[in-house]
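From just these sequences and the hints, can you work out the full model?
Just so we're aligned, residue 119 is where the first sequence starts under the numbering used here, counting upward by one.
FYI, nobody ran anything at the bench for these hints, they're computed from the structure. All figures in this text were calculated on a predicted structure; none of them were measured in a lab. Mixed in with the good hints, there may be bad ones.
In silico DSS-like links for lysine-lysine, alpha-carbon gap of 27 Å or less [what the hints assert, rightly or not]: (1) 606 x 131; (2) 306 x 293; (3) 366 x 250; (4) 250 x 333; (5) 141 x 366; (6) 387 x 192; (7) 232 x 131; (8) 535 x 514; (9) 535 x 462; (10) 384 x 192; (11) 192 x 250; (12) 333 x 205; (13) 232 x 333; (14) 535 x 606; (15) 333 x 192; (16) 141 x 232; (17) 387 x 199; (18) 366 x 384; (19) 192 x 293; (20) 387 x 205; (21) 293 x 272; (22) 266 x 250; (23) 266 x 293; (24) 306 x 192; (25) 366 x 380; (26) 577 x 514; (27) 387 x 306; (28) 366 x 266; (29) 366 x 387; (30) 266 x 333; (31) 272 x 333; (32) 199 x 384; (33) 577 x 561; (34) 272 x 131; (35) 192 x 380; (36) 272 x 250; (37) 535 x 141; (38) 293 x 250; (39) 141 x 462; (40) 366 x 131.
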Amino acid sequence: MPLRLYNTLTQTKEPFQTVQPGKVGMYVCGPTVYSNSHVGHMVGPVIFDTIKRYLVYLGYDVTWVVNITDVDDKLIVQAAKDGVTVKDLADRVTEDYLHCLHQLGVDGIDHMPKATEHIAEIVEMTQALINKGFAYASSGDVYFDVTKAPEYGKLSHRDPEALQAGARIEPTAIKRNPGDFALWKGSKPGEPAWESPWGPGRPGWHIECSAMSMKLLGEHFDIHGGGLDLVFPHHENEVVQSESYSGKTFATYWLHNGLLTKAGKKISKSDPGTVILMSDLLRDHDPDTLRCLFLSSHYRRPIDYGPGRLDEISRGLEAFRSLFDRFERLTGTSFFTLEAPTRKSDEEKVASSIPEIDEHRTRFLEAMDDDFNTGGAFGELYELVRALNRFADTHKLETAADPEALAGYRAGVVVLKELTQILGLFLHPRVQPEATGDSLTPKLLELLVNLRARVRKEKNFALADDIRNQLAEMGVTLEDRPDGTGWKIS
RNA sequence: GGCGCCGUAGCCAAGUGGUAAGGCAGAGGUUUGCAAAACCUCCACCCCCGGUUCGAAUCCGGGCGGCGCCUCCA
Numbered sequence: 119m120p121l122r123l124y125n126t127l128t129q130t131k132e133p134f135q136t137v138q139p140g141k142v143g144m145y146v147c148g149p150t151v152y153s154n155s156h157v158g159h160m161v162g163p164v165i166f167d168t169i170k171r172y173l174v175y176l177g178y179d180v181t182w183v184v185n186i187t188d189v190d191d192k193l194i195v196q197a198a199k200d201g202v203t204v205k206d207l208a209d210r211v212t213e214d215y216l217h218c219l220h221q222l223g224v225d226g227i228d229h230m231p232k233a234t235e236h237i238a239e240i241v242e243m244t245q246a247l248i249n250k251g252f253a254y255a256s257s258g259d260v261y262f263d264v265t266k267a268p269e270y271g272k273l274s275h276r277d278p279e280a281l282q283a284g285a286r287i288e289p290t291a292i293k294r295n296p297g298d299f300a301l302w303k304g305s306k307p308g309e310p311a312w313e314s315p316w317g318p319g320r321p322g323w324h325i326e327c328s329a330m331s332m333k334l335l336g337e338h339f340d341i342h343g344g345g346l347d348l349v350f351p352h353h354e355n356e357v358v359q360s361e362s363y364s365g366k367t368f369a370t371y372w373l374h375n376g377l378l379t380k381a382g383k384k385i386s387k388s389d390p391g392t393v394i395l396m397s398d399l400l401r402d403h404d405p406d407t408l409r410c411l412f413l414s415s416h417y418r419r420p421i422d423y424g425p426g427r428l429d430e431i432s433r434g435l436e437a438f439r440s441l442f443d444r445f446e447r448l449t450g451t452s453f454f455t456l457e458a459p460t461r462k463s464d465e466e467k468v469a470s471s472i473p474e475i476d477e478h479r480t481r482f483l484e485a486m487d488d489d490f491n492t493g494g495a496f497g498e499l500y501e502l503v504r505a506l507n508r509f510a511d512t513h514k515l516e517t518a519a520d521p522e523a524l525a526g527y528r529a530g531v532v533v534l535k536e537l538t539q540i541l542g543l544f545l546h547p548r549v550q551p552e553a554t555g556d557s558l559t560p561k562l563l564e565l566l567v568n569l570r571a572r573v574r575k576e577k578n579f580a581l582a583d584d585i586r587n588q589l590a591e592m593g594v595t596l597e598d599r600p601d602g603t604g605w606k607i608s
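And the structure:
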């Protein structure tokens, strides 16, 4: 089944067809860098990272652009409050953003253009829009005249008339129509400013995305994404100015991710009570757990962030972690260094000896083809884990020397790896004490485990259990398996 | 008020015409010295009321409830 995706523009699921054969241009609106990232800011990047991974898996050559808006009214206000320059503030917040992306395994972004580095393109575009009669200069500002574009409202499915009549839009003396939006804003003294034909000023909010996306991806590209809250006015304005400028379709598909809520209310920078800083979460939670929070349901649906939610997900992920440990014990190979196909075209090579594995793999891919149904895909992953464990149990892989069965098991795990890679999950092992430079803890635990093994051999189970219980209180779990005792720190 | 989304088990969640994936929690079992892990089994009349249909969670109409956007927001 071919890939189909839901397009906000047409409000239907459409078959995926690229502008250029084999190539995909994808633009996702990034942050305005005036305050550190909260959880909500990571939803989009993780989802579109997964979308890119899947498109690459399908064989597309994907170019993904995420912008950084580093000049804007909010930045000016915040920088003044902090007593720093707009640039310093922007740099600091951008660094935090990049750090969060990196932690979450969002590594597929090809370009991260900054608004301040594209002033020339923005000015050029603004001028062209004036020349074409779509925009006008007024008191040092430049506005887009929404009455000049009959299609205005097509993305957010709003009636332009109704928008014009909107009582909440303040009409001003310098705007022709209440719905007109700024392409260029004249600056007041002391504000960041660039020279322009209309005097010193800075870009309006929407124009930088048009200018940078078209520069890097061409005037007509494939996918434009962002949070659902950006549909209007941001994306609506982007389409109208871009298409008025180029005379071409701007983006073919508009994808919008659902917003993260806390206790049912949207998490928003302008509602401080809801903000959960990403950097805080990353301190206490595994990146895979956070990725799963975003991927466990369909991307267009809202996700509610509750206190126990992440722990619940993490407990579920234990099944995978146990399997990775078991796999390493059985094969001596780490799941994390295992090589698995990164392209779907390689599928013949991985046809495994366990029939259900292939079945779940097929269903996983069908779910992804259906508008990136990561929630459905996820269910198949759990089924895969169970099938793998069942296989290992049935063939008594721990105790019986059965090279053929072991090879089959290994091939099945390769399939698991192939699929988890698509979701960007389990790319790296969890941080264990060895990795943090504490080499003593593992050695001490080995010592305890060995001593306890002797005690158990002597059938002194009271002492053995006492050791296990006390370790459990410290957060160390012991597992006595047929082939030895393992430990893990929870 | 306008536009849009959503309402599936205690919780999270997939499924968009043929009698309900998966995860967490819970119950029972296999295994184990006992546990843990793993495996097996059990746990839903799909918000309500009409309608279409041989047949609806799934389509249509009407309610009720929740959310988003209409203003800066991922």
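Check the structure against each numbered hint from earlier and tell me which ones fail, lowest number first. 1, 7, 11, 18, 25 and 29
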